[in-house]
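Novice: Sequence:
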Amino acid sequence: LNILLTNGRFPVSIDLARQFTRAGHAVYVVDPMHYHVCRFSNSVRKSWWVPTPHVDGRGYVEGVLRAMEEGIGGSGRIDLVVPMHEEIFYLAEAYTSDSDPPPLNSTSLSALRTRLLAPPFPTLIMLHNKHTFSLFLRSLRLDHPLFRLIPSKSHLLPLLDGTSALHPTNPRASFALKPVFGRACSNVYHLHPLPATPSHEKANQKCLDEIDITPDNHYLAQEWVEGERFCTYAVVRGGRVLALGVYPVRDTIDGSSCVYFEAVENPRVKAYVERIVEGLGDVGGLGWQMALDIVVEAGPGGRVMAIECNPRATSGIHLFSGTARLAEAIASCVNQSRDQTTSISTPPSPPPPSPPPTENSIITPSPRHRRQLAPGMLMWKPATAGSSPRNKLSLVPRIRQYTSHMARLMGCKDVMFSASDLLPSLMQPFLLTSYYEICRERGMKLPEMFQWDLTWEP
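Residues 1475 to 1932 in the working numbering are what the sequence shown spells out, letter by letter.
Calculated directly from the structure, the hints in this document are not laboratory data.
All figures in this text were calculated on a predicted structure; none of them were measured in a lab.
Treat the hints loosely; a few may be bogus.
Mimicking BS3-like on lysine-lysine, the simulated pairs with C-alpha atoms at most 25 Å apart in a straight line are [stated by the list, open to error]:
id: 1; residue 1: LYS1627; residue 2: LYS1680
id: 2; residue 1: LYS1680; residue 2: LYS1919
id: 3; residue 1: LYS1676; residue 2: LYS1744
id: 4; residue 1: LYS1919; residue 2: LYS1855
id: 5; residue 1: LYS1887; residue 2: LYS1855
Given the sequences, and given the hints that come with them, work out the whole structure.
Specialist: Here you go:
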């Protein structure tokens, strides 16, 4: 297959490109950055610059369509477009929008619809919206944190002053406050109803001073659940899971963003994911990626609960690094597609030789398969480890965590480094210089700048 990745800047982008190449596919990339890590990889045949979707969504979609139509030349068409971040919303919305200006070329958009690894736009929004996703979990009778939509500050104040409670049996239970359309731990507050300790009251007031709740920017109050945290990544098609990886949240750099990935087997988490996918059913489309943030409460009867859903590529891709398993699962979506794809200019390329998963099989990574993001592992601090970033550990547990962390750091392969693909690693100093120049021009910090181009807002 000829496969187009919708950005080339993230570690997951180069990792997935290498996995596809290992499976015998040809990989191409578009990105709003002129210089990104995939541009220097021998696993990527060609890279195109496209407009920034956050600023020019229509221009970005047009750039992707041009790459699909013109970029491959004599080697055939693009068979599959794999979204890597929130640019998925711009692409999925493009062929469902009736707004002005007039829609793009209908033939090209029809080809995009049949080749985009994404669910229909309404399903995409339902899963991404933390409130509608919580309602969906409730409709399936799955365990989930208690929640309440906060459309204005006036709806938040009763929860803080104790006149209203999120938890019916524990009115003083703390809760998370987060935007319904948010990512990672951005603008997430941990709040405590009154009466609270002075430090908690200070945190509550800080939230009230900073938060911006508007008719276009609702928040969700969500029960703060303690327990072991897991992340899942799945490839889904037709109401069933084709591939699934599960990893615990261990080493992070901000209490949320993982930098160490170790595949584990957890039957309860697996069953929870499958129940969600079965509940969604066959929503249409070629297939899609789905990631969940999950908490498993302590104890034998502890509940399994999804905190939120990311219906796109995530770092769970690293669980399959160095193998062709995930690439085969994704490619099988093309092979199983019942839709008649519309050729743009040339006949379709032949399907890959690998067979699709059997009806009852799920492709999984090898247990304890590990990868790390070495720069992030070097920035790790013991105080951010554990089930909650606010935990302050005493000296002995901190030493134990530090030694365990160092063992993982020294005994695990880095995602970026590959002996057969050295240039991306060697170009890191140049790329970092380029990134910091962009940060200077935009007045942004590096993490914000790196995602800003690709973020989507309703």
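Novice: Hints first: check each against the structure and report whether it holds.
Specialist: Tested hints:
Of the pairs offered as hints, the one joining LYS1627 and LYS1680 holds, with about 13 Å between alpha carbons and a cut-off of 25 Å not exceeded. Of the pairs offered as hints, the one joining LYS1680 and LYS1919 holds, with about 22 Å between alpha carbons and a cut-off of 25 Å not exceeded. With a C-alpha separation of about 40 Å, the suggested pairing of LYS1676 with LYS1744 is violated against the 25 Å cut-off. Between LYS1919 and LYS1855, the direct Cα distance comes to roughly 20 Å. Compliance with the 25 Å bound is thereby established for this hinted pair.
Note on LYS1887 and LYS1855: the hinted pairing holds, with a Cα-Cα distance of about 20 Å set against a maximum of 25 Å.
The earlier numbered hint that this structure contradicts is number 3, and it is the only one.
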